[in-house]
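Using this note's numbering, read the sequence shown as starting at 1 and increasing by one per residue.
Derived by calculation from the structure, the hints in this document are not laboratory data.
Owing to the predicted nature of the structure, the values given are computational and were not obtained by experimental measurement.
The beta-carbon is built from N, C-alpha and C at its ideal position, and this holds for glycine as well.
Warning: the hint list may mix true and false statements.
Stated by the list, open to error - If you anchor each label on the Cβ, the simulated ranges turn out as follows:
id	residue 1	residue 2	range
1	102	157	21 to 27 Å
2	34	96	28 to 34 Å
3	75	24	29 to 35 Å
4	119	143	30 to 36 Å
5	158	136	25 to 31 Å
6	149	33	18 to 24 Å
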Amino acid sequence: MTTSVSGLITSFSKLSFLSDSPKSPYRYRPLKGDQIRLLRLLPPTRQKGYLHTEFVECELVHVSLEDPGQFEALSYVWGPPDRTKTIQIRTGKPQLRVKVLGVTDSLFTALQNLRYASKTRILWIDQLCNNQDDKKEMNAQVKRMGDIYRQSSCTVIWLG
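Sequences and hints are given; from them, build the entire structure.
If you want it as structure tokens, here you go:
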């Protein structure tokens, strides 16, 4: 079987986006209208029968605050503000690329402990669902926090 050079280049191009450096930083997409972000906290990966809990993998999705679906809000102690840990955010369709996002040590520990073993957990978390580096977005989202907590099915409190 022979493969043309152009065929190989096309195949390579289709695969190259999958090999995004795991160190590529996650970039927030702007919210529109009444949208909020929710975190889809994925279960730990399992390889050869062992759970790999040393990293946290998730997705951030945009939903309308009018009809966000079922989610829980997380209230926790931020602790020191330094974002010393990273979580992995799946992006793309289907979520094949992995980007990283810095989080506080306290939030990283909460995410490791709050994820379900075999299903996705949907959470709203201030530190992740609001772009902390965008003052305009932060001001708008802070005004919605009461509505976000009311729309959640419950508030999970993490004390560490």
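Against the range 25 to 31 Å, how does the distance between the Cβ atoms of residue 158 and residue 136 compare: consistent or not? Hint holds: Cβ distance 28 Å, inside 25 to 31 Å.
CB of residue 119 to CB of residue 143, is that within 30 to 36 Å? Given about 32 Å between the Cβ atoms, the range holds.
Regarding residue 75 and residue 24, is the given constraint of 29 to 35 Å on their beta-carbon distance met? holds, 30 Å
The hint says 21 to 27 Å between residue 102 and residue 157; measuring C-beta to C-beta, is that right? Since the Cβ atoms of residue 102 and residue 157 sit about 23 Å apart, the hinted range of 21 to 27 Å holds.
Are residue 34 and residue 96 spaced within 28 to 34 Å by their CB atoms? holds, 29 Å
Please test the hint of 18 to 24 Å on the beta carbon pair from residue 149 and residue 33. Hint holds: Cβ distance 20 Å, inside 18 to 24 Å.
Consistency note: the structure conflicts with none of the earlier hints.
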